[in-house]
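Dock chain to chain to rebuild the complex, using the hints, since each chain is given by itself in its own frame.
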Amino acid sequence: MALRSGWSRGTFRPGMPKFTLDGREIVAKDGQTIIEAATAVGVEIPHYCWHPKLSIAANCRMCLVEVEGIKKLQPACEARVREGMVVRSEQSKQVLEARESVMEFLLINHPIDCPICDQAGECKLQNYYMAHDGSGTRFDEVKVVKDKAAVLGPMVMLDEERCVNCTRCVRFMDEVAKTHQLGQFDRGDRAVIGIFPGQPLDHPYAGNTVDICPVGALTSTDFRFKMRPWFAKKTETLCAGCARGCNVTMDHNSGQIVRIKPRDNDAVNESWMCDDGRLTYHRVHDVDSMITEPFLRKDGKLKRVGWDEARRRLQEVLAAYVGASDGKLGLALSSQITNEGGVAFIELAEQILQVDNYAILGRPDWKGDELLKVDDQNPNRAGLELVLEAYSIYDEGAEALRKGILGGSVSSLIMVGSDYPSPNEEWAEALSKLQHLVVFASNWDDTSRKAEIVIPMASHVEQDGTFLNHTGRLQRVNEVIEPISGRKRAVEAAAFTAAALGAAKDWRIHTWRDAFFELKKRAIELKDLTPDAIGRLGVPLGVGVADESVPLRPSNSPGARAP
Amino acid sequence: MGHAKPVESPTANITYRVLNPDYGVFERAFLPAIAAGLGTTIRHFFANVTTRKYIRTIEYPDNPVEYPQRFRGMHRLVPREDGKPRCVACFMCQTACPARCIHIVGGETADQSIEKFPIVFEIDELRCVVCGLCVEACPCDAIRMDTGIHPVPVTSRQEGLFGKRDLLGIPSREERKSGRRDTTSRPPGTAAGTGRKDRAHGDGGAGGSAGGFGEH
Ligand code: SF4
Ligand code: SF4
Ligand code: FES
Chain A
1 MALRSGWSRG
11 TFRPGMPKFT
21 LDGREIVAKD
31 GQTIIEAATA
41 VGVEIPHYCW
51 HPKLSIAANC
61 RMCLVEVEGI
71 KKLQPACEAR
81 VREGMVVRSE
91 QSKQVLEARE
101 SVMEFLLINH
111 PIDCPICDQA
121 GECKLQNYYM
131 AHDGSGTRFD
141 EVKVVKDKAA
151 VLGPMVMLDE
161 ERCVNCTRCV
171 RFMDEVAKTH
181 QLGQFDRGDR
191 AVIGIFPGQP
201 LDHPYAGNTV
211 DICPVGALTS
221 TDFRFKMRPW
231 FAKKTETLCA
241 GCARGCNVTM
251 DHNSGQIVRI
261 KPRDNDAVNE
271 SWMCDDGRLT
281 YHRVHDVDSM
291 ITEPFLRKDG
301 KLKRVGWDEA
311 RRRLQEVLAA
321 YVGASDGKLG
331 LALSSQITNE
341 GGVAFIELAE
351 QILQVDNYAI
361 LGRPDWKGDE
371 LLKVDDQNPN
381 RAGLELVLEA
391 YSIYDEGAEA
401 LRKGILGGSV
411 SSLIMVGSDY
421 PSPNEEWAEA
431 LSKLQHLVVF
441 ASNWDDTSRK
451 AEIVIPMASH
461 VEQDGTFLNH
471 TGRLQRVNEV
481 IEPISGRKRA
491 VEAAAFTAAA
501 LGAAKDWRIH
511 TWRDAFFELK
521 KRAIELKDLT
531 PDAIGRLGVP
541 LGVGVADESV
551 PLRPSNSPGA
561 RAP
Chain B
1001 MGHAKPVESP
1011 TANITYRVLN
1021 PDYGVFERAF
1031 LPAIAAGLGT
1041 TIRHFFANVT
1051 TRKYIRTIEY
1061 PDNPVEYPQR
1071 FRGMHRLVPR
1081 EDGKPRCVAC
1091 FMCQTACPAR
1101 CIHIVGGETA
1111 DQSIEKFPIV
1121 FEIDELRCVV
1131 CGLCVEACPC
1141 DAIRMDTGIH
1151 PVPVTSRQEG
1161 LFGKRDLLGI
1171 PSREERKSGR
1181 RDTTSRPPGT
1191 AAGTGRKDRA
1201 HGDGGAGGSA
1211 GGFGEH
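Residue numbers (this note's numbering), protein chains in the order written: chain A, 1 to 563; chain B, 1001 to 1216.
Here chain B stands alone, though its shape is the one from the complex (with noise of 0.2 Å):
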């Protein structure tokens, strides 16, 4: 119902069809649908009253609600074996990052087999968009967002601002099950080894100090 009215933009050539509704008599008096909504309030406040059946109320923290697993959440940092951040500080997903919140600074490490690590690794999670592509991005699979929380509510900017240590300390979905930290985990389909000691290990080449990044 309705006609169509085509309405030139006057900023770039492209043409917008507007729909606008064909309103009667009785959409115009606004009486008869101020009584009908008046009836639905008062229909479900007797209801309420009686069975409760219209409330949708989440009484949080009380009782929260599951979220579904595709929920992101905050990011972690995945730690190695002997609890420092697995990240080689090499900054894909700070490339990544639509909106620019992550913020590295890269360091030299005396340990060969790793090089690369990150002296300041900060998130700003009141800039993040929660999109995952950090994760995506991250050829080491060092940092995740498999934690399901939300970042807890700050009173100033600078309680935003999330450090290596605190990612570092955030457990997964998992570990918060299971309650114990898992520091080899890694998604299915990935090269394991961490280091260069696989790779002279003969694992075949996939994977240098990074970690299963490329092809040879």
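Chain A with its partners taken away, still in its complex shape (with noise of 0.2 Å):
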């Protein structure tokens, strides 16, 4: 009441129309469905079917609210807010009813098997039991059996008995992947989600239908079974798999990453992730070749050595391009490390090295695709870029260095990161022409191999830091584990060089936040930003490409319009 005559006092704004939740007075955006303007504020109704990314099924009926002055209770993924609609959810009886029915229905032919469900912990069906129903079953008949681990693609098995036919995942694989891979066969309590004969579910976004399964029937191949969710300690950060810099929650567990899922940022990956960006974490934790001590060359061969003797080597090696230099040092950094270790390693080559050629390296290019994954399989090229520009240095790219290398401009090299973009052949025979070659790096490759010294320094995921992503928007890389074995920190491994040869007292740089003040004083665009003003979900920087918008959203679908 008190609505419509808000109405006749002139208050209606157009676009924006008001609406009651459970008494609460919210202004919902025009078009939108009553859960998108509940959910926009905060309050939640219960759902399956409905996801903000996908278009409106509204076949779960787990949404059912009442509305004033229509009979039937109203799906809210679907009903639309109109002007001064009165709507009750918890506070409806029926609704509430409703909702147990629904929760009843639902868990008929169910297994119940959660004690061995991956998605246990963090089941809508089971949250909703506890909140809506937690009743007894009154079913006496038989449950309908169906197939349990049906395999449907190399990242996602399906277990047809704890399927609600939700079809998100079937919506999915139309709106975004566009590869109609999933459908839903058959009709009743024998339904099932599934793929089409000698098509499987191959497509490399695949991986996103489980997490959107909100129950779980869709496990993946890489996580099941590994750990009960409850375990995981859950860390946000960013994918380092391309320039996108896709938004990441990193589940982990006594130093052990266990699983990687896109994390909600509707200017960088929307919800999803591509399948290579999930499998990163493996080779962190790849016990073949990763670094976890410092490596000497001795007659030859390299041979593992303690801290202490590094450190000497390095003194021997370096020593000599400290304040006055042959002109033949170059320091490459490969762009898988973070500004702030950019920065770390300028500034010793700036301070205390003579340095006089620079080179930004990286990852050769893999094919990008038109969802998410771009060509450059470098997370901070562009990041790596700025801090040089801020330095006033010029990069010669990874061409020219090589063949500096060859023609003999270039006789000793410091390696941040052992990334490098042509054929291995082209390198190695750059390589082997050096007098030093100084790597730090966290995996064993054919360059961290060719090397004189080998300092183990830490990934992405092991320490802070931020990332320039490709359409120049800064976002922070957070250390989700320790670093495994003690290994450095880019800050820490280039603090430890510059103890090395002597300069500890005049050092500066000991953290990342040092790194990042110390770029702030010289990169314009960051003028006004501190670590923490970066946020969750970073800030554009305004530089690089112009941002382009995600290309995921299905442009045909009502729900297409995201909270």
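For the record, the hints were derived by calculation from the structure and aren't laboratory data.
Beta carbons are placed, not taken as given, at the ideal position from N, Cα and C, and that holds for glycine.
Treat the hints with care, as some may be off.
Taking beta-carbon pairs under 7 Å as the criterion, some of the chain A residues facing chain B (in silico) [stated by the list, open to error]: (1) Ile116; (2) Lys146; (3) Lys148; (4) Ala149; (5) Ala150; (6) Phe225.
27 Å max Cα-Cα, derived DSS-like pairs, lysine-lysine [claimed, not checked]: (7) B:Lys1084 to A:Lys226; (8) A:Lys226 to A:Lys124; (9) A:Lys450 to A:Lys520; (10) A:Lys148 to B:Lys1164; (11) B:Lys1084 to A:Lys146; (12) A:Lys403 to A:Lys328; (13) A:Lys178 to A:Lys367; (14) A:Lys93 to A:Lys72; (15) A:Lys124 to A:Lys93; (16) A:Lys433 to A:Lys450; (17) B:Lys1084 to A:Lys148; (18) A:Lys124 to A:Lys233; (19) A:Lys261 to A:Lys124; (20) A:Lys433 to A:Lys403; (21) A:Lys226 to B:Lys1164.
Below, the structure is given as structure tokens:
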């Protein structure tokens, strides 16, 4: 009533319908559904099939709410807000009863095998059962038995019995992946989700269906049975798989990452990520290739040594370049490292050593796609370019560096990160010409195996810092696990080298924050920023290519209007 | 007897009452008490030499005492009929364990009626506080503390780790008495059947793969 009089008083704003939900006044955007408007102000209406980034299916009926003036309950995920609408959800007895019935219905054929289900602990069925049902079963018949371990594709397994047929997964494949690889077959209690004959669910984004499945029906082959979700600690950080820098949450326990899941950021990756990105943590924990101790070349062979010995050798090799040099020392930064790591090493190269050749290296391009993946496999090329520019340093580029080494204008090289973008043989040939090669790296590869000194350096999951993505968005990388067996974070590795060269007293950069503020002094793009102001979602710096819109949103679906 | 003196705790706003007994001259002299104590010793000495009346020594292991039924003893894993553990690697016991002494690694079986099984199931009996919470947490009645035996003394921490095979091999009290393994027994009040086969045969929906878990 109050609303109607408000209208007559002239407070009606076109495009901003006002409605009440359980007595609370909410201003919605024009065309928003009840559930969208409620979610936007932090009120949850129980739902299975609705997903903010997918079209509306309205098939689960969990979101039913009472709308004054309409006899039947309305699905909140489909009903749009009208000016003056009076909606009751928690306060309506009818709605609460409806939820209970829907839960009872959904659980009729459900196997209730929570003890062995990967979703247990983060399952909508469990949560809503506790919140809205809690009753026993009245079902005396035989439950329908279906396939409990159907392999859909390389990333995804399906337990047909647990499925509530919300079709979120089908809609993801239709609307986002656009390959229509999933379908719903049969009817009634025999309905199952499935693939088509001879067409496995092999889309490189199929892993997202596991995340959006509200129950334990779709499970990830990578995470399956690895850990109960409640044992996992969660740390928000970035995926370092490519230059987009998808926002992710990493689940880990006791220094071991067990899975990576996308985190919502409408400006970067919406709610998705690619399957390659999901698996990037395996490299961090690859026992065969990870470097955990310093190595020195002795009689032509790399030998494991202690930190003190490494420090002495660093001093021996680099002392010649302190203060004066032959102009032949190079510093190569891999665009896998953070801006702060880059700053620390450039400070080292400018203040202590005499470095004359700089290059930004990185992994070779892979094939991007039309969804998220971009061609550049390196998460921070734009960032390092910004850092070099801030120091007015010219980036010679990988090719020039290689030619310089072959031509003799670079005789010693410090590599921060061992990645190199071109065919390995050419690069190996150049490396063998070097007098001294010092590599800071986290994994053995063709480059680090050729080094004279190898200092173990933490990967991006073991340190804090910032990455600048390909659209010029500065985002925080967070330390997920402690550096494995004490390897140095990039900033510490630079400090370690400075100390080895006897400059410990004057060295100012000890943490990534120190490096950030050092960069801020020089880079005008960072003028008002602090590490904390970057926040969970990052900030656009207005450099690099203009912010491309994320091409994921289904353009034709009404659900496209995200809350 | 005695007076109470409130003492302020320096760390928290909690007031303790410390009772200081009010000793008289007689107690403070000590000698009478010593004489009384010696008297007891001498009385026991003569009584034991003649009748062994006060001897409390248990002559273990020659004459072990019978433990009360409530004594739990070591864990054991209950086997299925085929001798494999009933455990489905649900980690409920590991979650419940306050001493964090259970370590499980789950794996996948081809048998869809079981699906998940423990590749590794280890209990650090040295850390175990014998609370029995794991037994209560288990939805499958797969872990029990009805053996009534102590973990044997060990000479290294490693030996205190009991693996799947060890735990499966330990018989329960009843089994030791009767001399045969019982793979079907369940405590009263729990659902029968350990797999979905039961469900398909009209078990009324109770019990999934994990057996008897949940109400629906
Ligand atoms: S598999 Fe999951 S997402 Fe797909 S329809 Fe079933 S419950 Fe929904
Ligand atoms: S609670 Fe029971 S079924 Fe679950 S892991 Fe422990 S012993 Fe196995
Ligand atoms: S969320 Fe509205 S019907 Fe499923």
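Hints, verified against the model:
The interface hint given for isoleucine 116 of chain A holds, since its Cβ lies 4 Å from the closest Cβ of chain B, which is under the 7 Å cut-off. The restraint placing lysine 146 of chain A at the interface with chain B is violated, with a minimum CB-CB distance near 10 Å, outside the 7 Å limit. Using the Cβ-Cβ criterion of 7 Å, the hint placing lysine 148 of chain A at the interface with chain B is satisfied: the shortest such distance is roughly 5 Å. Annotation: interface hint on alanine 149 of chain A holds; nearest CB of chain B at approximately 6 Å, less than 7 Å.
Hint status for alanine 150 of chain A relative to chain B: violated, with the closest Cβ pair at about 10 Å, above 7 Å. Evaluation of the phenylalanine 225 of chain A hint against chain B yields a held restraint, the C-beta minimum of about 4 Å falling below 7 Å. Restraint check: the Cα-Cα separation between lysine 1084 of chain B and lysine 226 of chain A comes to about 21 Å, which is no more than 27 Å; the hinted pair holds. About 20 Å separates the Cα atoms of lysine 226 of chain A and lysine 124 of chain A, which keeps this hinted pair within 27 Å; it holds.
Taking the CA atoms of lysine 450 of chain A and lysine 520 of chain A, the gap is about 36 Å. The hint is violated against a cut of 27 Å. Taking the CA atoms of lysine 148 of chain A and lysine 1164 of chain B, the gap is near 26 Å; set against the 27 Å cutoff, the hint holds. At most 27 Å may separate the alpha-carbon atoms for a hinted pair to count; lysine 1084 of chain B and lysine 146 of chain A meet this at roughly 25 Å. About 13 Å separates the Cα atoms of lysine 403 of chain A and lysine 328 of chain A, which keeps this hinted pair within 27 Å; it holds.
Between lysine 178 of chain A and lysine 367 of chain A, the direct Cα distance comes to roughly 18 Å. Compliance with the 27 Å bound is thereby established for this hinted pair. At roughly 13 Å between alpha-carbon atoms, lysine 93 of chain A and lysine 72 of chain A fall within 27 Å of each other, so this suggested pair holds. A hinted pair counts as satisfied when its Cα atoms are at most 27 Å apart, and lysine 124 of chain A with lysine 93 of chain A qualifies at roughly 21 Å. As the CA atoms of lysine 433 of chain A and lysine 450 of chain A are separated by approximately 11 Å, the hinted pair is consistent with the 27 Å bound.
Proposed proximity of lysine 1084 of chain B and lysine 148 of chain A is supported: the alpha carbons are some 21 Å apart, at most 27 Å. At most 27 Å may separate the alpha-carbon atoms for a hinted pair to count; lysine 124 of chain A and lysine 233 of chain A meet this at roughly 20 Å. Taking the CA atoms of lysine 261 of chain A and lysine 124 of chain A, the gap is about 17 Å. The hint holds against a cut of 27 Å. Proximity of lysine 433 of chain A to lysine 403 of chain A is assessed by CA-CA distance (about 11 Å); at most 27 Å being required, the pair is judged to hold.
For a cut-off of 27 Å, the pair hint linking lysine 226 of chain A to lysine 1164 of chain B stands: about 18 Å separates their Cα positions.
Hints 2, 5, 9, counting from the list given before, are not met by this structure.
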